[in-house]
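Asks: Here is what each chain is made of, one letter per residue.
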Amino acid sequence: MPAIFTVDPRSGVPLYLQLIEQIKRAVALGMLGPGEQLPTVKALALELTVNPNTVARVYRELEHDGVIETSPGRGSFVRADAAAESGRAVNDIAWAAAQAAVREAKSLGLSREETQDLLLRALAHWYETEKDA
Amino acid sequence: MNAPAIALNGLTKRYGNFTAVDGVTLEVAPGSICGLLGPNGAGKTTTFKCLLGFARPTAGTVAIEGAPVTPATFAALAYVPEVANLYEPFTIAEHLTLYRRSYASYDEARARELLTLFELDPRRRARKLSKGMRTAVALTLAFSIRPRVLILDEPASGLDPIHQRHVLDLMIDAATNGAAVLFSSHQVGQVERAADAVAILKRGRLVVNSGIDELKTGEKIIEATFEGPLPELRGLADDPRILRVERVGSILRAVTREGSDEIAQRIFAEHPKSIRIIDLNLEEIFMNAVNEAVA
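Line by line, the protein sequences give chains C and X.
Sequential numbering from 1 applies to the first sequence in my numbering.
Sequential numbering from 1001 applies to the second sequence in my numbering.
I should point out that these hints are in silico values taken from the structure, not numbers from a laboratory.
Here a beta-carbon is modelled for each residue, glycine too, at the ideal position from N, C-alpha and C.
Among the clues, some could well be false.
With a cut-off of at most 16 angstroms between alpha-carbon atoms, the simulated EDC-like pairs for lysine to aspartate or glutamate come out as follows [what the hints assert, rightly or not]: (1) X:Lys1049 x X:Glu1154; (2) X:Lys1273 x C:Glu114; (3) X:Lys1273 x X:Glu1227; (4) X:Lys1049 x X:Glu1094; (5) X:Lys1202 x X:Glu1065; (6) C:Lys42 x X:Glu1154; (7) X:Lys1273 x C:Glu104; (8) X:Lys1049 x X:Glu1088; (9) X:Lys1273 x X:Asp1213; (10) X:Lys1131 x X:Asp1107; (11) C:Lys106 x C:Asp117; (12) C:Lys106 x X:Asp1022; (13) X:Lys1131 x X:Glu1082; (14) C:Lys106 x X:Glu1223; (15) X:Lys1202 x X:Glu1214; (16) X:Lys1049 x X:Asp1153; (17) X:Lys1131 x X:Asp1153; (18) C:Lys42 x X:Asp1153.
Computed footprint of chain X on chain C, listed as stretches where at least three residues anywhere in the stretch have a Cβ under 8 angstroms from a Cβ of chain X [stated by the list, open to error]: (19) 4-16; (20) 40-51; (21) 105-116.
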């Protein structure tokens, strides 16, 4: 697996959640293909310099979420049906980002209508840009 | 569940009227890394001394691998003090020889690997080494015996950032091989990376003893701003899930140990102008723990 993952200990987000998100994103974007083998817990812990129990937890939760499968003695692999799973992962990540945007607007004291207007303008901005390109 | 490799039960150490360690109960399981944080003088080194049998507890007990500490304990235990104890006239190579003769589990190949890792010249004498190099020698010796229990007192002090990273990797490697690691540090980021559990000492008392993930998931700041006077919010200060409530001008700030969503909902019912839940990193959690209830 390419060295595409990083953790930020200064963030308030627990490291295991940071890693789960990054691996889901890598699967969603095809950087990790179906059947691709993940490093062992020890190898990834040493590569990222994070606690091995943290990595083990990441793998357990990814397995639970249907992103990877682990067979004893062979290792952990991206699931064959990762194409379907990856769509869900993309949705999860985008949903979290949309949630964060709304939460942020709310925390700044914007009303529901103002927030809706803001999101519509963001949509117009990005899709307008694509049309021009 | 594995029996703890390191266990402190109600450990108390008094020197005259001064209580250096006050009722500390802490366990580290095999394969686990516990980071011990605390301001200077909080009792970290005294805790280690009691754990190693270098100081006699006033009350409470300590156990390594389920048994009281005896000379035999040290066959599988490595301790690196904050200031490395070396034999000043000896070369680094002679230190390795000493370890080869003293420890059945000594691994020569591993020791050579570590010398290379820390860029140490085995021909150099201990008394000519810098503080960081002395620490590196002590770490090389500690890890060369493939210990099952590691107790490290600020193991990265005096090392450059690259060698500091190596120290974390050595701890991680040891833990994946089943060792239990207890280490103290002033660098919270190191604890956050390497440890799965964190203990925070303040004036001899353990004020935090938790898994890092649980700690970061639970501890948040809820910050709400109000127009006009701040609401009373009866019972907020008595809620056991809330560590502290601050009121500054139009801002209400609550530090929660858990249940931040529910508490935020309660504050939201008072119609704040704005409200947000702030994630805390370990450094901020540490600051909260050692500063709380100062008044």
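Asks: For each hint, tell me whether it holds in the structure or not.
Replies: We went through each hint and held it up to the structure:
Restraint check: the Cα-Cα separation between X:Lys1049 and X:Glu1154 comes to about 14 angstroms, which is no more than 16 angstroms; the hinted pair holds. Between the alpha carbons of X:Lys1273 and C:Glu114 the distance comes to roughly 15 angstroms, so the proposed pair stays at or under 16 angstroms and holds. Distance restraint check for X:Lys1273 and X:Glu1227: the Cα-Cα separation of roughly 6 angstroms lies within the 16 angstroms cut-off, and the hinted pair is therefore satisfied. Restraint check for X:Lys1049 and X:Glu1094: not satisfied, since their Cα atoms lie roughly 27 angstroms apart, outside the 16 angstroms limit.
Annotation: proposed proximity of X:Lys1202 to X:Glu1065 is violated, straight-line Cα distance about 26 angstroms (limit 16 angstroms). Simply put, C:Lys42 and X:Glu1154 have alpha-carbon atoms about 24 angstroms apart, too far for the 16 angstroms limit, and the pair is violated. With a C-alpha separation of about 13 angstroms, the suggested pair X:Lys1273 and C:Glu104 falls inside the 16 angstroms cut-off, and the hint holds. Of the pairs offered as hints, the one joining X:Lys1049 and X:Glu1088 is violated, with about 23 angstroms between alpha carbons and a cut-off of 16 angstroms exceeded.
Among the hinted pairs, X:Lys1273 with X:Asp1213 is inconsistent with the structure: their alpha-carbon atoms are about 31 angstroms apart, more than 16 angstroms. The hinted pair formed by X:Lys1131 and X:Asp1107 fails the criterion: a straight-line CA distance of about 25 angstroms is larger than 16 angstroms. Only pairs whose Cα atoms come within 16 angstroms are accepted, and C:Lys106 paired with C:Asp117 is accepted, the gap being roughly 13 angstroms. At most 16 angstroms may separate the alpha-carbon atoms for a hinted pair to count; C:Lys106 and X:Asp1022 exceed this at roughly 45 angstroms.
For the suggested pair X:Lys1131 and X:Glu1082, the alpha carbons sit about 10 angstroms apart, so the restraint of at most 16 angstroms is met. Distance restraint check for C:Lys106 and X:Glu1223: the Cα-Cα separation of roughly 13 angstroms lies within the 16 angstroms cut-off, and the hinted pair is therefore satisfied. At roughly 20 angstroms between alpha-carbon atoms, X:Lys1202 and X:Glu1214 are farther apart than 16 angstroms, so this suggested pair is violated. Under the criterion of a C-alpha separation no larger than 16 angstroms, the hint pairing X:Lys1049 with X:Asp1153 is consistent with the structure, at around 10 angstroms.
A C-alpha spacing of about 14 angstroms is found between X:Lys1131 and X:Asp1153, which places the hinted pair at or below 16 angstroms, so the restraint holds. For the proposed pair C:Lys42 and X:Asp1153, the alpha carbon gap of about 24 angstroms is over 16 angstroms, so the pair is violated. As drawn, the stretch 4-16 of chain C meets chain X at 9 residues by the rule of a beta-carbon pair under 8 angstroms; at three or more, the given contact holds. Using a Cβ-Cβ cut-off of 8 angstroms, 7 residues of the stretch 40-51 of chain C lie near chain X, which meets the minimum of three, so the contact claim holds.
With a threshold of 8 angstroms between beta carbons, the proposed coverage of the stretch 105-116 of chain C by chain X holds, since 4 of its residues qualify and at least three are required.
Violated hints, in rising order: 4, 5, 6, 8, 9, 10, 12, 15 and 18; the structure is consistent with all others.
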